[in-house]
Every structure is written in structure tokens, then in C-alpha cells.
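The numbering of the sequence shown is full-length UniProt numbering, which starts it at 1 and goes up by one.
Among the clues, some could well be false.
Claimed, not checked - Pair by pair, the computed Cβ-Cβ distance ranges are:
no.: 1; residue 1: G69; residue 2: L36; range: 19 to 29 angstroms
no.: 2; residue 1: D88; residue 2: N45; range: 16 to 26 angstroms
no.: 3; residue 1: L23; residue 2: D81; range: 22 to 32 angstroms
no.: 4; residue 1: G82; residue 2: E103; range: 13 to 23 angstroms
Honestly, the hints are just simulated from the structure, not real lab data. Positions of the beta carbon are idealized from the N, C-alpha and C atoms, including for glycine.
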Amino acid sequence: MNLTRLVICTSGYMAPEYALHGLFSVKSDVYSFGVLLLEIVTGHNNHSFQDGVVIEDLLSHAWKCWRNGKALGLIDSTLLDGRNSIRDMIRCIHIGLLCVQEEASNRPTMASIVLMLASSSITLAIPSEPAFFMHSGQNPSQRRSVLKDYTSTTSNSNNL
Numbered sequence: 001m002n003l004t005r006l007v008i009c010t011s012g013y014m015a016p017e018y019a020l021h022g023l024f025s026v027k028s029d030v031y032s033f034g035v036l037l038l039e040i041v042t043g044h045n046n047h048s049f050q051d052g053v054v055i056e057d058l059l060s061h062a063w064k065c066w067r068n069g070k071a072l073g074l075i076d077s078t079l080l081d082g083r084n085s086i087r088d089m090i091r092c093i094h095i096g097l098l099c100v101q102e103e104a105s106n107r108p109t110m111a112s113i114v115l116m117l118a119s120s121s122i123t124l125a126i127p128s129e130p131a132f133f134m135h136s137g138q139n140p141s142q143r144r145s146v147l148k149d150y151t152s153t154t155s156n157s158n159n160l
């Protein structure tokens, strides 16, 4: 039996370490899961979409909204029908951003993700800039805290 060593990925879901260097690991799957999670919560696919006059990818748009405290605006309106908690939707965005961090070692494991999704008592780390982020030229010192009513501390993070 011939086994292939080539991993086939769909553009937009490929982890940067695979796309740039051909390195594949379980953290590559975590990256793809994060993209999918962000797509579900936002109702947009990861390919370019127009936000005003600037065309950008979903990860860049989600990161900008997150760091500017506007993550609530990312949530697909069909999910805001009263059956879903806004806090849970913001948590899903938070987890999605943790999954698409540039450094594979900073991404959580799938086991940790299951725990994060199952229990809101688990403290989440603050995500860093996602892979393939399209820089807008904004100075990092101008970044504001994420939603004021959504608290997430890193001092007691469970390193998930």
C-alpha cells in the first residue's frame, strides 16, 4: 500500500507553518478549526470580503474588531435570536482567535478547546495577532481592551 506524505489543504484554512514551510502537526488542525469557528460565529467565509471600502480576510477583520473592543459586531445576526448567549458567542470568537495564532506552540490543543467550549469557568489566555494578519498600520499602543463587559484575565490563565 502506498501512503502519501502530502497534506492537501484548502486555501484559507492552511496553518502558516504548513503553507510556508510544509510543516504539519496537530496544531495545524487547531488552526483550521479556529478558522471554521470564526466563520460559523460571523457568518462569513475566510476569503476576502468588503468591510466598508477595505477588502480584507476574515482573520484580519476579526482581529481588528477584537483588539478594538468591537467583537460584538462580528456575531452573525441570526445567532442573536435570544437562544444564544452573547457572552458565549464572544467566547467562541476568543477561542477562534486563540486557535489561529501565528505561533503553533501558542495555539491550544483540541482537548483544551473542548474544555474551553464546555466550561465558561475556564479562564482563557489573551490571543495574540493571528497568522497572515493584514496589518492596517495602527500602532499597537493604540489598541484598546476587548469588550468591557467580557472579562478575561491572563494572570491566572490555565495555559490552555
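So, going through the hints one by one against the coordinates:
no.	hint	result
1	G69 - L36: 19 to 29 angstroms	24 angstroms, holds
2	D88 - N45: 16 to 26 angstroms	22 angstroms, holds
3	L23 - D81: 22 to 32 angstroms	41 angstroms, violated
4	G82 - E103: 13 to 23 angstroms	38 angstroms, violated
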